[in-house]
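*Asks:* Residue-level listing of the chains:
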Amino acid sequence: MLASDVTALWLTIKLAFITAAILLIICIPLAWQLASFKGKLKPILEALIAMPLVLPPTLMGFYLLVLFSPTHAFGQFWFWLTGTQLAFSFQGVVIGSLFYSLPFVMQPLLAGFKQINTTYNQAAIALGISPFKRFMYLTLPLLKPSIGSAFALGFAHTLGEFGLVLMIGGNIQGETQVVSIALYDHVESLNYGAAHQLSLVLLAISFACLVLLFKFNKTVINGAANRA
Amino acid sequence: MLKLYNTWYGYLLLLLVVFSNPLNAKETLHIAVASNFKPVLQTLVTNPALKNINIKISAASSGVLHSQIMHGAPYDIFLSADAARPHALIKDGFALKNSLTTYAIGLLALWQPSNSVINNKLAIANPRFSPYGQSSAHYAKNYIKTPYEFVYANNITHAFQFVETGNAAKGLVALSTLKSAYRKTKNKKYLNYTLIESEKYPEITQQGVIISATKHLTAAKKFMAFLNAPSTAKTLLELGYKAKESDVSK
Amino acid sequence: MLKIQCHQRLDDFELHVDLAINQFDILGVFGPSGSGKSSLLQAIAGLTTAQNVCINNHNITHLKPDKRLLTLQLQSCPLFPHLNVMGNLLFTHKHCKNKSNNLTPDQVIDLLALNPLLNRDVSGLSGGERQRVIFARTLLSGQSVILLDEPFSALDWSTRFTMLGAVQQLNKSHGIKFIIVSHSLKELLYCSDTLLHIAKGNVLQCGATQEVVQSIYTNKSQTPLSILSYSKPEFNEAFGLYQLTLSNSQQHLYAVPSLVKQNHKLIIESSQITYSKVKPINESSANVLIGMLENAQQLDEKWLLTVNVDTQLLYCAVSKRQWQQSAVSPGEQIYLTINNLETLN
Numbered sequence: 001m002l003a004s005d006v007t008a009l010w011l012t013i014k015l016a017f018i019t020a021a022i023l024l025i026i027c028i029p030l031a032w033q034l035a036s037f038k039g040k041l042k043p044i045l046e047a048l049i050a051m052p053l054v055l056p057p058t059l060m061g062f063y064l065l066v067l068f069s070p071t072h073a074f075g076q077f078w079f080w081l082t083g084t085q086l087a088f089s090f091q092g093v094v095i096g097s098l099f100y101s102l103p104f105v106m107q108p109l110l111a112g113f114k115q116i117n118t119t120y121n122q123a124a125i126a127l128g129i130s131p132f133k134r135f136m137y138l139t140l141p142l143l144k145p146s147i148g149s150a151f152a153l154g155f156a157h158t159l160g161e162f163g164l165v166l167m168i169g170g171n172i173q174g175e176t177q178v179v180s181i182a183l184y185d186h187v188e189s190l191n192y193g194a195a196h197q198l199s200l201v202l203l204a205i206s207f208a209c210l211v212l213l214f215k216f217n218k219t220v221i222n223g224a225a226n227r228a
Numbered sequence: 001m002l003k004l005y006n007t008w009y010g011y012l013l014l015l016l017v018v019f020s021n022p023l024n025a026k027e028t029l030h031i032a033v034a035s036n037f038k039p040v041l042q043t044l045v046t047n048p049a050l051k052n053i054n055i056k057i058s059a060a061s062s063g064v065l066h067s068q069i070m071h072g073a074p075y076d077i078f079l080s081a082d083a084a085r086p087h088a089l090i091k092d093g094f095a096l097k098n099s100l101t102t103y104a105i106g107l108l109a110l111w112q113p114s115n116s117v118i119n120n121k122l123a124i125a126n127p128r129f130s131p132y133g134q135s136s137a138h139y140a141k142n143y144i145k146t147p148y149e150f151v152y153a154n155n156i157t158h159a160f161q162f163v164e165t166g167n168a169a170k171g172l173v174a175l176s177t178l179k180s181a182y183r184k185t186k187n188k189k190y191l192n193y194t195l196i197e198s199e200k201y202p203e204i205t206q207q208g209v210i211i212s213a214t215k216h217l218t219a220a221k222k223f224m225a226f227l228n229a230p231s232t233a234k235t236l237l238e239l240g241y242k243a244k245e246s247d248v249s250k
Numbered sequence: 001m002l003k004i005q006c007h008q009r010l011d012d013f014e015l016h017v018d019l020a021i022n023q024f025d026i027l028g029v030f031g032p033s034g035s036g037k038s039s040l041l042q043a044i045a046g047l048t049t050a051q052n053v054c055i056n057n058h059n060i061t062h063l064k065p066d067k068r069l070l071t072l073q074l075q076s077c078p079l080f081p082h083l084n085v086m087g088n089l090l091f092t093h094k095h096c097k098n099k100s101n102n103l104t105p106d107q108v109i110d111l112l113a114l115n116p117l118l119n120r121d122v123s124g125l126s127g128g129e130r131q132r133v134i135f136a137r138t139l140l141s142g143q144s145v146i147l148l149d150e151p152f153s154a155l156d157w158s159t160r161f162t163m164l165g166a167v168q169q170l171n172k173s174h175g176i177k178f179i180i181v182s183h184s185l186k187e188l189l190y191c192s193d194t195l196l197h198i199a200k201g202n203v204l205q206c207g208a209t210q211e212v213v214q215s216i217y218t219n220k221s222q223t224p225l226s227i228l229s230y231s232k233p234e235f236n237e238a239f240g241l242y243q244l245t246l247s248n249s250q251q252h253l254y255a256v257p258s259l260v261k262q263n264h265k266l267i268i269e270s271s272q273i274t275y276s277k278v279k280p281i282n283e284s285s286a287n288v289l290i291g292m293l294e295n296a297q298q299l300d301e302k303w304l305l306t307v308n309v310d311t312q313l314l315y316c317a318v319s320k321r322q323w324q325q326s327a328v329s330p331g332e333q334i335y336l337t338i339n340n341l342e343t344l345n
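Line by line, the protein sequences are chains A, B and C.
First residue of the first sequence? That's 1 in the numbering used here, and the numbers climb one at a time after it.
First residue of the second sequence? That's 1 in the numbering used here, and the numbers climb one at a time after it.
First residue of the third sequence? That's 1 in the numbering used here, and the numbers climb one at a time after it.
Among these hints, one or two may not hold up.
Said to hold, decoys possible - Simulated pairs of lysine-lysine, DSS-like, Cα-Cα distance not exceeding 27 Å:
hint, chain 1, residue 1, chain 2, residue 2
1, B, LYS221, B, LYS38
2, C, LYS232, C, LYS220
3, B, LYS91, B, LYS221
4, A, LYS133, C, LYS94
5, A, LYS42, C, LYS97
6, A, LYS114, C, LYS64
7, C, LYS67, C, LYS172
8, B, LYS244, A, LYS14
9, C, LYS172, A, LYS133
10, C, LYS64, A, LYS133
11, B, LYS145, B, LYS200
12, B, LYS121, B, LYS222
13, B, LYS222, B, LYS26
14, A, LYS133, C, LYS200
15, B, LYS244, B, LYS221
16, A, LYS114, C, LYS94
17, C, LYS200, C, LYS94
18, A, LYS114, C, LYS172
19, A, LYS40, C, LYS3
20, C, LYS67, C, LYS3
21, A, LYS144, C, LYS94
22, C, LYS172, C, LYS99
23, B, LYS222, B, LYS51
24, A, LYS38, C, LYS67
25, C, LYS3, C, LYS279
26, A, LYS38, C, LYS64
27, A, LYS114, A, LYS14
28, C, LYS67, A, LYS133
Claimed, not checked - Looking from chain A toward chain C, a few residues come up when the C-beta cut is under 10 Å (computed):
hint, residue
29, LYS114
30, ASN117
31, THR119
32, ALA123
33, ILE125
34, LEU127
35, GLY128
36, LYS133
37, TYR137
38, PRO141
39, ILE147
40, GLY148
Source of the hints: derived by calculation from the structure; they are not laboratory data.
Glycine residues also receive a C-beta, built at the ideal position from the N, C-alpha and C atoms.
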């Protein structure tokens with residue numbers, strides 16, 4: 001396989017891993033709050049979180065392009081903070097991926113928190129256990145399968161990201177040229193041989209991820225059935 | 001009158017109406033066009049010379065269209081952004097050899113909308129598969145002295161977007177995009193460009209062919225003739241392209 | 001020692017409670033489904049707000065549930081799936097603060113016979129086993145006031161009586177006060193000394209169990225259950241039965257071991273009791289007691305007889321025909337046959 005393709009693969013895995021990890025850190029407290037939130041704004045918040053599911057990635061990419069621009073406030077702020085530009089950079093693609101994969105990490109976490117809150121957490125409150133101990137010794141251990149699912153889904157989803165990266169990446173090897181872009185390049189330049197090779201490798205990796213994901217899910221489903 | 005539909009006479013009338021359509025209908029032509037030329041094509045088809053032809057336009061990258069035609073897409077005419085793909089189609093028997101024509105020549109412009117953006121990013125279309133990109137890369141490597149960093153867009157219009165949004169300080173874009181943007185907004189920033197001399201980069205020859213499987217050969221031929229007419233050449237110049245034999249003028 | 005004022009809007013009605021109970025060991029809360037019993041317990045525990053809650057003269061109205069020095073076992077109180085049985089038991093023992101009942105895990109395990117279950121996965125327990133573990137876990141929270149919401153409803157009566165007996169024993173040995181919610185009067189009659197009758201969010205009655213139960217039965221035109229206290233249970237190996245003695249009159253009864261519990265009480269349904277004026281000679285009727293007919297009252301189409309046996313009151317119901325044809329009057333000696341004590345019911 002071409003060296004540039006290996007670079008693209010490594011870059012993609014790095015991107016997927018970092019995105020999933022950052023999303024977990026953001027989404028666990030967010031899901032915790034949202035799951036127990038009972039206000040009137042709840043449907044609006046839930047819809048906002050689910051937006052990246054329905055928006056075309058190219059649309060998100062286009063608006064991010066505008067957002068990142070050094071002629072606009074956010075782009076200027078970023079430049080002031082770091083001295084670099086977000087478009088055409090790995091950091092920019094990570095930020096785009098955070099939006100892209102947010103609902104995929106939030107959903108399993110939300111579901112996990114809801115289930116824990118309604119059954120186990122209530123019982124523990126009644127038994128007289130303090131909030132801190134409940135979180136540490138009850139919620140977190142019970143959340144493990146959900147965290148696993150959330151990470152796996154976020155990772156797998158980011159692996160396949162295309163439209164958004166296409167819009168804001170600038171196709172720079174080792175920086176923003178992820179596998180989906182490299183594949184697109186091969187196809188566009190009629191280099192079908194390389195395209196097939198790269199596709200197969202990506203398929204294999206994605207498939208392995210999904211197998212792991214369903215292994216996790218199985219534990220979750222069995223656990224849920226036993227608790228019911 | 002009300003009961004007409006229920007009689008055999010009524011059915012006869014219905015049949016006549018249905019089958020009479022082809023008799024005085026306009027001929028339909030389905031044109032596959034490279035995305036960068038689509039706006040110009042949309043203007044061209046409003047010309048009264050084509051009023052008897054019903055034209056459907058499908059735009060995508062030349063590569064995608066080429067692929068589709070190879071797999072049997074029902075286009076009548078293919079207007080590519082390069083010369084290679086029409087040649088390939090002829091070689092593989094998908095297009096009519098003697099219909100090959102250069103319908104336009106793409107013009108490159110170096111665009112720097114404002115002086116205030118400070119980065120050395122130069123946006124160009126990806127040279128790997130875009131003829132505009134190849135020409136841009138050639139020009140930049142040979143003639144641009146100030147230091148720059150390439151940023152690759154997936155097509156020449158996307159390169160324009162990179163510069164438009166301010167993420168790239170300058171870019172090599174299609175003249176037609178600048179002209180079209182200025183026409184729409186009258187914003188002077190779209191005039192801050194330098195037209196690149198044609199000798200300095202490989203000519204962006206945009207060629208078209210009639211697809212072999214077409215069912216509307218007459219209309220297709222008529223259209224291709226129209227494309228090569230002198231009046232069309234004038235329109236092309238206004239819109240930012242060059243016709244085969246005309247001179248360059250700003 | 002328990003004061004509560006609570007006005008809450010519930011789904012179909014308002015919970016309107018204004019109570020002060022001076023002293024109790026085991027307080028029963030009785031009422032039909034949806035009468036507000038669970039809501040009352042949750043208000044006492046602090047899961048919902050009440051206007052005023054005092055326990056032992058401490059005002060706990062504004063305290064969080066984990067600071068109220070009591071514990072509540074909800075009706076739906078699942079075991080934690082990420083821990084095994086032992087882990088669940090130790091969970092409350094380790095994480096509950098301000099413990100006051102100094103029960104150790106070993107004591108509770110022995111009391112509820114949980115030894116064979118300790119290493120089991122919680123998902124593999126039977127319904128009965130699960131409820132015993134849940135109860136043990138609640139006990140190990142270490143509080144001196146324990147609220148239980150229908151804690152034993154999934155158990156068969158024999159196990160249920162064992163558990164209720166354990167409740168009474170814990171009260172005696174460790175001074176733990178219990179508040180138990182149930183819609184089974186039989187259960188509460190068995191173990192509680194004070195009874196609260198609640199319906200549609202209002203307290204109908206609160207007082208000594210016997211009295212409250214009496215008025216419940218009277219109002220419902222039902223024949224009451226009878227409680228018979230006994231002493232000196234002796235196991236007869238030849239018959240496989242226990243011989244029970246009624247302390248005041250030294251009369252004897254035989255019963256299967258599963259009915260003989262630590263609190264030395266038998267609950268007898270009125271349908272188990274038949275009477276006659278003359279002593280039955282039949283050998284199979286070994287469980288015959290002598291008593292005096294105190295009262296005969298007509299309830300709809302039947303007659304309710306109150307009989308004093310061994311200074312305890314037993315109740316049986318007979319049809320109009322039986323009453324008229326038996327010709328017994330209050331004040332007369334009467335023979336009662338208690339059925340189904342020697343065979344499992």
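*Asks:* Now tell me if each hint is right for this structure.
*Replies:* Against the structure, the hints:
Under the criterion of a C-alpha separation no larger than 27 Å, the hint pairing LYS221(B) with LYS38(B) is consistent with the structure, at around 20 Å. Pair hint LYS232(C) plus LYS220(C) does not hold up; C-alpha atoms about 36 Å apart against a cutoff of 27 Å. Distance check on the hinted pair: LYS91(B) and LYS221(B) sit about 20 Å apart at the alpha-carbon level, within 27 Å; holds. This hinted pair checks out: LYS133(A) and LYS94(C) have alpha carbons roughly 10 Å apart, not beyond 27 Å.
For a cut-off of 27 Å, the pair hint linking LYS42(A) to LYS97(C) is broken: about 35 Å separates their Cα positions. The hinted pair formed by LYS114(A) and LYS64(C) meets the criterion: a straight-line CA distance of about 22 Å does not exceed 27 Å. Among the hinted pairs, LYS67(C) with LYS172(C) is consistent with the structure: their alpha-carbon atoms are about 25 Å apart, no more than 27 Å. For a cut-off of 27 Å, the pair hint linking LYS244(B) to LYS14(A) is broken: about 49 Å separates their Cα positions.
Only pairs whose Cα atoms come within 27 Å are accepted, and LYS172(C) paired with LYS133(A) is rejected, the gap being roughly 32 Å. Distance restraint check for LYS64(C) and LYS133(A): the Cα-Cα separation of roughly 14 Å lies within the 27 Å cut-off, and the hinted pair is therefore satisfied. Annotation: proposed proximity of LYS145(B) to LYS200(B) holds, straight-line Cα distance about 14 Å (limit 27 Å). Between LYS121(B) and LYS222(B), the direct Cα distance comes to roughly 45 Å. Violation of the 27 Å bound is thereby established for this hinted pair.
Straight-line distance between C-alpha atoms of LYS222(B) and LYS26(B) comes to about 13 Å, which keeps the hinted pair within the 27 Å bound. Distance hint between LYS133(A) and LYS200(C) is unfulfilled; the C-alpha atoms sit about 37 Å from each other, more than 27 Å. A threshold of 27 Å between alpha carbons decides the hint, and for LYS244(B) with LYS221(B) the separation of about 18 Å falls inside it, so the pair holds. A threshold of 27 Å between alpha carbons decides the hint, and for LYS114(A) with LYS94(C) the separation of about 25 Å falls inside it, so the pair holds.
At most 27 Å may separate the alpha-carbon atoms for a hinted pair to count; LYS200(C) and LYS94(C) exceed this at roughly 39 Å. This hinted pair does not check out: LYS114(A) and LYS172(C) have alpha carbons roughly 41 Å apart, beyond 27 Å. For the hint pairing LYS40(A) with LYS3(C), the CA-to-CA distance comes to about 36 Å; that exceeds 27 Å, so the pair is violated. Using a Cα cut-off of 27 Å, the hinted pair LYS67(C) and LYS3(C) holds, with the two alpha carbons roughly 17 Å apart.
Distance restraint check for LYS144(A) and LYS94(C): the Cα-Cα separation of roughly 22 Å lies within the 27 Å cut-off, and the hinted pair is therefore satisfied. With a C-alpha separation of about 18 Å, the suggested pairing of LYS172(C) with LYS99(C) holds against the 27 Å cut-off. Proposed proximity of LYS222(B) and LYS51(B) is supported: the alpha carbons are some 12 Å apart, at most 27 Å. With a C-alpha separation of about 25 Å, the suggested pairing of LYS38(A) with LYS67(C) holds against the 27 Å cut-off.
Simply put, LYS3(C) and LYS279(C) have alpha-carbon atoms about 51 Å apart, too far for the 27 Å limit, and the pair is violated. Between LYS38(A) and LYS64(C) the CA atoms are separated by roughly 20 Å; this keeps the pair inside 27 Å, and the hint holds. The suggested pairing of LYS114(A) with LYS14(A) is violated, with an alpha-carbon distance near 31 Å, which exceeds 27 Å. A C-alpha spacing of about 13 Å is found between LYS67(C) and LYS133(A), which places the hinted pair at or below 27 Å, so the restraint holds.
A cut of 10 Å between beta carbons decides the hint on LYS114(A): the least distance to chain C is about 15 Å, and the hint is violated. Nearest Cβ of chain C to the Cβ of ASN117(A): about 13 Å, over the 10 Å cut. The hint is violated. Interface hint at THR119(A): satisfied, since its Cβ lies 6 Å from the closest Cβ of chain C, which is below the 10 Å cut-off. For the restraint placing ALA123(A) at the interface with chain C, the shortest Cβ-Cβ distance is roughly 4 Å, inside the 10 Å limit, so the hint holds.
Among the interface hints, the one on ILE125(A) holds; its C-beta lies about 5 Å from the nearest C-beta in chain C, closer than the 10 Å criterion. The beta carbon of LEU127(A) is positioned within 10 Å of a beta carbon in chain C (closest approach about 5 Å), and the interface hint is therefore held. For the restraint placing GLY128(A) at the interface with chain C, the shortest Cβ-Cβ distance is roughly 5 Å, inside the 10 Å limit, so the hint holds. Given the 10 Å rule on beta carbons, the hint for LYS133(A) holds: about 5 Å separates it from the nearest Cβ of chain C.
This hint holds: TYR137(A) has a C-beta 6 Å from the nearest C-beta of chain C, less than the 10 Å allowed. Look at PRO141(A): its Cβ gets to within about 5 Å of chain C, closer than 10 Å, so that hint holds up. Below 10 Å, beta-carbon pairs count as interface contacts, and ILE147(A) has none with chain C, the closest being about 13 Å; its hint is therefore violated. Annotation: GLY148(A) was flagged as interfacial toward chain C, and the flag is violated, the nearest CB pair being 14 Å apart, outside 10 Å.
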